[in-house]
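Below, each chain spelled out in residue letters.
2 protein chains.
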Amino acid sequence: MPYELYYWDGLQGRGEFVRLALEEAGADYVDVERTGSSAMMQLIGSKTEPHIPFAPPFLKDGDLVIPHVANILMYLGPKLGLAPKDERLRFVANGLQLTITDAVAEAHDTHHPISNGLYYEDQKEAAKERSAEFIRHRIPKFLGYFERVLNQNPAGPKHAVGKELSYVDLSLFQLVAGLRYAFPKSMRRRASKWPRVLVLAEAVEQHPRISDYLVSDRRLAFSEDGIFRHYPELDRIG
Amino acid sequence: MPYELYYWDGLQGRGEFVRLALEEAGADYVDVERTGSSAMMQLIGSKTEPHIPFAPPFLKDGDLVIPHVANILMYLGPKLGLAPKDERLRFVANGLQLTITDAVAEAHDTHHPISNGLYYEDQKEAAKERSAEFIRHRIPKFLGYFERVLNQNPAGPKHAVGKELSYVDLSLFQLVAGLRYAFPKSMRRRASKWPRVLVLAEAVEQHPRISDYLVSDRRLAFSEDGIFRHYPELDRIG
Chain E
98 MPYELYYWDG
108 LQGRGEFVRL
118 ALEEAGADYV
128 DVERTGSSAM
138 MQLIGSKTEP
148 HIPFAPPFLK
158 DGDLVIPHVA
168 NILMYLGPKL
178 GLAPKDERLR
188 FVANGLQLTI
198 TDAVAEAHDT
208 HHPISNGLYY
218 EDQKEAAKER
228 SAEFIRHRIP
238 KFLGYFERVL
248 NQNPAGPKHA
258 VGKELSYVDL
268 SLFQLVAGLR
278 YAFPKSMRRR
288 ASKWPRVLVL
298 AEAVEQHPRI
308 SDYLVSDRRL
318 AFSEDGIFRH
328 YPELDRIG
Chain L
98 MPYELYYWDG
108 LQGRGEFVRL
118 ALEEAGADYV
128 DVERTGSSAM
138 MQLIGSKTEP
148 HIPFAPPFLK
158 DGDLVIPHVA
168 NILMYLGPKL
178 GLAPKDERLR
188 FVANGLQLTI
198 TDAVAEAHDT
208 HHPISNGLYY
218 EDQKEAAKER
228 SAEFIRHRIP
238 KFLGYFERVL
248 NQNPAGPKHA
258 VGKELSYVDL
268 SLFQLVAGLR
278 YAFPKSMRRR
288 ASKWPRVLVL
298 AEAVEQHPRI
308 SDYLVSDRRL
318 AFSEDGIFRH
328 YPELDRIG
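Chains E and L are the protein sequences, given in the same order. Its first residue numbered 98, the first sequence is counted upward by one per residue in my numbering. Its first residue numbered 98, the second sequence is counted upward by one per residue in my numbering.
In case anyone wonders, no lab produced these hints; they're calculated from the structure. Heads up, some of the hints might be wrong.
Identical copies go unnamed one by one, so any copy, or any two together, can satisfy a pair.
Listed below are the simulated DMTMM-like cross-link pairs for lysine to aspartate or glutamate, each with C-alpha atoms no more than 25 Å apart in a straight line [as the list claims (entries may be wrong)]:
(1) 260 with 222
(2) 221 with 158
(3) 182 with 230
(4) 221 with 183
(5) 157 with 184
(6) 260 with 332
(7) 225 with 203
All figures in this text were calculated on a predicted structure; none of them were measured in a lab.
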């Protein structure tokens, strides 16, 4: 039975971190909302489902409903051959993924610092302030951290954890791609600070299945409905 | 060898979710920063540690360094007898914990909507807006969700997952306690909407080891240096 991924149709968003893992593994999966189904909101609103998710994305594997990106990847990683074999390192991988989760949430909040329930235009001034802080302090803090993680990986700097490709590497690629989309000037200016992170992102992009995926119509485009949004007025070089 | 918990001295903060699990289990642990040690920042800044954490809290179990609350609890849960025995339900537990993580992050951002690097006083106007949204929309969404989770748990409404106490129940207690501290008026006014959540929080508070802990000097007080802060001007009844 194929894995069922539930996420908003038309958006990369948080679902993309799961899609990349499923694609790299060549796994059998259905991107349910893209089939025109309305099952996602039904499941979230269900009054009988034993384990309801709070929000998309979530994965269904048979009866089991698994919400949250890092949780889905921790569940899928070993099954897809994208997690360290050493069980202890799986908690290292999950820790790294949760830091990526935090970086993604902060990237989102640059354009929605006050509320998800308001339009960007109605929180634009706060968004400018938050974006300036994010560019000046948070991007360097997050990417500088992952640069150190790669440098200090006992198995070498090609991977975030262990000596083989893991879902964490795929997610780092996506984080970098998203930040470059949202803040192209700021990212270009500072690229030289995180050479290993950028080498890793490039290597993931060249992986055969990932590069096929990226040019397929399964890969949605970044857009101003997603998490990483390009508003030129927020991309100020700090 | 005792577990070593690393978190800022003097704050409940995110460390508290881990402390509650260790305390409920009667586990042997050291709250390292409270011993006057400076090991936490050394480890975060280490150039040789194989698996550096991004930020506190993190747990050390021997050589293994495990960052992020949900990750620590997923690791400790089975060892402390505070996770479901069914391995599939452990992913349900982790999903619930990650929703608590998100609620906690949003509670934090009510007083720091622009940046952690600025004082509250310098982002007070944005904080008022964000708090109003949080009280009006997000608290009901999160606690309403957990009310449904309890209602729909096939093992009964006394626990968030499975038929026995888990770390998720302990964390729900802490979330409710924190929200009540930060937003007492708003929480009092709406308490009747989430009866099962409040019954669970009360039950956890009465657990012998938790009630002993809560009156011990190991339990720090809530304060305006923590995640849940009581600023009366933010507690507007929506």
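Do the hints match the structure? See the list:
no.: 1; hint: 260 with 222; in the structure: neither (45 Å within a copy, 48 Å between copies)
no.: 2; hint: 221 with 158; in the structure: neither (40 Å within a copy, 45 Å between copies)
no.: 3; hint: 182 with 230; in the structure: neither (38 Å within a copy, 44 Å between copies)
no.: 4; hint: 221 with 183; in the structure: neither (46 Å within a copy, 47 Å between copies)
no.: 5; hint: 157 with 184; in the structure: both (23 Å within a copy, 16 Å between copies)
no.: 6; hint: 260 with 332; in the structure: neither (35 Å within a copy, 50 Å between copies)
no.: 7; hint: 225 with 203; in the structure: both (13 Å within a copy, 19 Å between copies)
Hint violations for this structure: numbers 1, 2, 3, 4, 6, all remaining hints satisfied.
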